[in-house]
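Construct the entire structure; sequences and hints are all you get.
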Amino acid sequence: MPNLKDLRVRIDSVKSTQKITSAMKMVAAAKLRRAQEQAEAARPYSERMDRMLGSLAEGLPTGAGGPELLAGNGKNNVHLLVVMTSDRGLCGGFNSSIVRGALQIIRRLLDEGKEVKVLCVGRKGRDILRRDFRSLILDTFQDLGKKRLSFADAKTVSDRVLSMFEAGEFDVCTIIYNRFQSAMTQIVTPQQLIPFRASDESQADDASDSVSSNDSQKAVYEFEPDEQEILEDLLPRNLSVQLFRALLENAASEQGARMTAMDNATRNAGEMIDDLTITYNRTRQAFITKELIEIISGAEAL
Amino acid sequence: MANTVEFELVAPEELLFSESVELVVVPGAEGDFGVLPGHSPLISTLRTGVIAVYENDTVNRRIFVSGGFAEVTPERCTVLADEAVALESVNRSDVEERVEADRDLFDAASDDDKENAAAALAVSEALLLALDTVGQA
Numbered sequence: 001m002p003n004l005k006d007l008r009v010r011i012d013s014v015k016s017t018q019k020i021t022s023a024m025k026m027v028a029a030a031k032l033r034r035a036q037e038q039a040e041a042a043r044p045y046s047e048r049m050d051r052m053l054g055s056l057a058e059g060l061p062t063g064a065g066g067p068e069l070l071a072g073n074g075k076n077n078v079h080l081l082v083v084m085t086s087d088r089g090l091c092g093g094f095n096s097s098i099v100r101g102a103l104q105i106i107r108r109l110l111d112e113g114k115e116v117k118v119l120c121v122g123r124k125g126r127d128i129l130r131r132d133f134r135s136l137i138l139d140t141f142q143d144l145g146k147k148r149l150s151f152a153d154a155k156t157v158s159d160r161v162l163s164m165f166e167a168g169e170f171d172v173c174t175i176i177y178n179r180f181q182s183a184m185t186q187i188v189t190p191q192q193l194i195p196f197r198a199s200d201e202s203q204a205d206d207a208s209d210s211v212s213s214n215d216s217q218k219a220v221y222e223f224e225p226d227e228q229e230i231l232e233d234l235l236p237r238n239l240s241v242q243l244f245r246a247l248l249e250n251a252a253s254e255q256g257a258r259m260t261a262m263d264n265a266t267r268n269a270g271e272m273i274d275d276l277t278i279t280y281n282r283t284r285q286a287f288i289t290k291e292l293i294e295i296i297s298g299a300e301a302l
Numbered sequence: 001m002a003n004t005v006e007f008e009l010v011a012p013e014e015l016l017f018s019e020s021v022e023l024v025v026v027p028g029a030e031g032d033f034g035v036l037p038g039h040s041p042l043i044s045t046l047r048t049g050v051i052a053v054y055e056n057d058t059v060n061r062r063i064f065v066s067g068g069f070a071e072v073t074p075e076r077c078t079v080l081a082d083e084a085v086a087l088e089s090v091n092r093s094d095v096e097e098r099v100e101a102d103r104d105l106f107d108a109a110s111d112d113d114k115e116n117a118a119a120a121l122a123v124s125e126a127l128l129l130a131l132d133t134v135g136q137a
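Protein chains in written order, with the numbering used here: chain A, 1 to 302; chain B, 1 to 137.
Worth double-checking, as some hints may not be accurate.
[Claimed, not checked] Here are some of the chain B residues that sit facing chain A, going by a computed Cβ distance under 10 angstroms: (1) Pro12; (2) Ser40; (3) Glu83; (4) Ser93; (5) Asp104; (6) Asn116.
[To be verified] Computed spacing ranges between beta-carbons, pair by pair: (7) B/Arg47 to A/Ala152: 18 to 24 angstroms; (8) B/Thr133 to A/Ala29: 42 to 48 angstroms; (9) A/Asn73 to B/Pro41: 27 to 33 angstroms; (10) A/Met184 to B/Glu55: 45 to 51 angstroms; (11) A/Gln104 to B/Thr133: 53 to 59 angstroms; (12) A/Arg33 to B/Pro41: 38 to 44 angstroms.
[To be verified] Here are the simulated SDA-like cross-link-like pairs (lysine to any residue), alpha carbons at most 20 angstroms apart as the crow flies: (13) A/Lys146 to B/Glu13; (14) A/Lys147 to A/Gly89; (15) B/Lys114 to A/Thr156; (16) A/Lys31 to B/Glu14; (17) A/Lys75 to A/Arg34; (18) A/Lys147 to B/Glu13; (19) A/Lys117 to A/Asp127; (20) A/Lys147 to A/Arg34; (21) A/Lys75 to A/Gln192; (22) A/Lys290 to A/Pro2; (23) B/Lys114 to A/Met164; (24) A/Lys19 to A/Arg267; (25) A/Lys31 to B/Glu13; (26) B/Lys114 to A/Asp159; (27) A/Lys147 to B/Glu14; (28) B/Lys114 to A/Ser163; (29) A/Lys146 to A/Asp87; (30) A/Lys147 to A/Pro2.
What the hints contain is simulated information worked out from the structure, not anything from laboratory work.
Note that the structure is predicted; figures quoted are calculated from it, not measured.
Beta carbons: idealized from backbone N, C-alpha and C, even for Gly.
Okay, structure coming up:
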């Protein structure tokens with residue numbers, strides 16, 4: 001028969017755990033709202049950036065000859081993977097699902113005989129990836145946006161990626177992050193950044209012979225200084241913006257995942273407390289009954 | 001056609017400004033240009049400078065930008081700024097502090113960071129200058 005005191009201690013400890021998890025849930029909910037607002041606020045910029053890039057890319061001859069950030073450097077051997085995770089745990093399957101997605105990609109690329117390099121954003125992803133692919137990890141960015149994610153954070157990452165690209169250290173860059181859908185669902189999303197994939201690129205397949213006709217039908221924008229130069233400015237900028245967007249989505253996802261996880265934990269703790277309380281009451285009742293029986297049978301014996 | 005142009009100013013972190021204006025003067029990389037309704041389509045890079053928004057033939061708002069891009073169509077003018085500061089909302093001592101801080105960073109920076117620190121310093125100095133120019137006007 002379980003000891004009454006042990007049960008009581010157990011109930012108390014579950015209760016305090018429950019308090020912690022419900023507090024964490026509340027904090028996550030508040031942070032989630034802030035993260036969502038921030039993601040929302042950042043959306044106009046990237047939308048307008050997309051639009052501008054679209055009108056620029058239209059006028060450029062596609063395929064080889066364009067800037068390398070847009071067209072790639074023609075090779076496909078070394079892949080850089082930017083894996084975005086959180087710095088802190090206790091957020092359910094958030095980190096492990098990203099890492100699982102990243103591992104899949106890494107394995108596939110390695111099977112195809114490509115070289116893979118990994119940049120980690122967030123401590124947790126690095127910790128898990130280190131077990132299997134320690135040698136592939138180049139560097140880790142930690143504590144990005146500890147208080148509030150700023151564009152400068154995204155810039156540090158993109159600067160690094162750009163300088164590596166310029167040094168020819170990789171050919172293709174893909175980021176993998178959790179896209180925020182709702183507090184319950186986050187979608188692991190790989191997105192190729194270099195060469196940049198414009199969403200409507202597929203229609204520009206007849207570029208080689210129709211440059212002149214292309215020019216005449218669009219011929220709308222003037223460019224200052226000129227197209228090439230603007231593009232050279234705009235593309236690195238776009239890289240930062242894409243990274244920033246991914247970071248924001250990821251931050252919102254993290255808080256969403258944590259909120260859900262902590263909600264579950266709070267509920268589980270509640271169930272456990274109920275169970276333990278029933279056991280506790282039964283045991284107490286049994287002790288009392290036993291004592292009564294002892295007293296009665298003692299009295300009868302006299 | 002309306003005699004105003006939709007002016008939007010967007011920084012990476014938020015949409016700062018979006019309304020109909022009569023005229024906006026933007027510091028383009030190859031010289032300032034004014035945007036009136038019906039401007040021909042244009043995409044330009046920006047240099048560090050001040051955007052002036054006109055209302056009733058007078059400037060009613062000045063916004064400092066550290067650089068970025070502008071897209072102009074007959075109906076609208078969209079500015080993607082790297083950093084944007086509305087000049088009426090900052091006070092001089094804050095900017096002076098920022099210049100000091102950037103100068104310290106520049107002095108302390110290693111050779112690798114020198115370039116970035118210099119750029120940051122140039123931006124904050126330009127902001128201070130812009131502030132002073134407006135103050136005199």
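Hints and how they fare:
A least Cβ separation of about 4 angstroms between B/Pro12 and chain A falls short of the 10 angstroms threshold, and the interface hint therefore holds. For the restraint placing B/Ser40 at the interface with chain A, the shortest Cβ-Cβ distance is roughly 6 angstroms, inside the 10 angstroms limit, so the hint holds. Taking 10 angstroms as the C-beta contact cut-off toward chain A, the hint placing B/Glu83 at the interface holds, the least distance being around 9 angstroms. For the restraint placing B/Ser93 at the interface with chain A, the shortest Cβ-Cβ distance is roughly 23 angstroms, beyond the 10 angstroms limit, so the hint is violated.
Of the supplied interface hints, the one on B/Asp104 is violated, with its beta-carbon coming no nearer than about 18 angstroms to a beta-carbon of chain A, more than 10 angstroms. Here the hint on B/Asn116 is kept, as its CB sits about 8 angstroms from the closest CB of chain A, short of 10 angstroms. Taking the beta carbon of each, B/Arg47 and A/Ala152 are about 21 angstroms apart, inside 18 to 24 angstroms as hinted. Between B/Thr133 and A/Ala29 the Cβ separation comes to about 47 angstroms, which falls inside the hinted range of 42 to 48 angstroms.
One distance hint, 27 to 33 angstroms for the beta-carbon pair A/Asn73 and B/Pro41, holds here, with the actual separation near 32 angstroms. As the Cβ distance of A/Met184 to B/Glu55 is approximately 47 angstroms, the hint placing it in 45 to 51 angstroms holds. The hinted range of 53 to 59 angstroms is satisfied by A/Gln104 and B/Thr133, whose Cβ atoms lie roughly 57 angstroms apart. A/Arg33 and B/Pro41 have their C-beta atoms about 39 angstroms apart, which keeps the hinted 38 to 44 angstroms range intact.
Proposed proximity of A/Lys146 and B/Glu13 is supported: the alpha carbons are some 16 angstroms apart, at most 20 angstroms. Of the pairs offered as hints, the one joining A/Lys147 and A/Gly89 holds, with about 17 angstroms between alpha carbons and a cut-off of 20 angstroms not exceeded. Distance hint between B/Lys114 and A/Thr156 is fulfilled; the C-alpha atoms sit about 15 angstroms from each other, no more than 20 angstroms. Under the criterion of a C-alpha separation no larger than 20 angstroms, the hint pairing A/Lys31 with B/Glu14 is consistent with the structure, at around 18 angstroms.
Straight-line distance between C-alpha atoms of A/Lys75 and A/Arg34 comes to about 41 angstroms, which puts the hinted pair past the 20 angstroms bound. A hinted pair counts as satisfied when its Cα atoms are at most 20 angstroms apart, and A/Lys147 with B/Glu13 qualifies at roughly 15 angstroms. Under the criterion of a C-alpha separation no larger than 20 angstroms, the hint pairing A/Lys117 with A/Asp127 is consistent with the structure, at around 16 angstroms. Restraint check: the Cα-Cα separation between A/Lys147 and A/Arg34 comes to about 11 angstroms, which is no more than 20 angstroms; the hinted pair holds.
This hinted pair checks out: A/Lys75 and A/Gln192 have alpha carbons roughly 15 angstroms apart, not beyond 20 angstroms. For the hint pairing A/Lys290 with A/Pro2, the CA-to-CA distance comes to about 14 angstroms; that is within 20 angstroms, so the pair holds. Our distance criterion of 20 angstroms between C-alpha atoms is met by B/Lys114 and A/Met164, whose separation comes to about 19 angstroms. As the CA atoms of A/Lys19 and A/Arg267 are separated by approximately 11 angstroms, the hinted pair is consistent with the 20 angstroms bound.
Distance check on the hinted pair: A/Lys31 and B/Glu13 sit about 17 angstroms apart at the alpha-carbon level, within 20 angstroms; holds. Restraint check: the Cα-Cα separation between B/Lys114 and A/Asp159 comes to about 15 angstroms, which is no more than 20 angstroms; the hinted pair holds. Of the pairs offered as hints, the one joining A/Lys147 and B/Glu14 holds, with about 17 angstroms between alpha carbons and a cut-off of 20 angstroms not exceeded. Of the supplied pair hints, the one linking B/Lys114 and A/Ser163 holds, its CA atoms being roughly 16 angstroms apart against a limit of 20 angstroms.
For the hint pairing A/Lys146 with A/Asp87, the CA-to-CA distance comes to about 9 angstroms; that is within 20 angstroms, so the pair holds. Restraint check for A/Lys147 and A/Pro2: not satisfied, since their Cα atoms lie roughly 47 angstroms apart, outside the 20 angstroms limit.
Violation of the numbered hints given earlier is confined to hints 4, 5, 17, 30; the remaining hints are satisfied by the structure.
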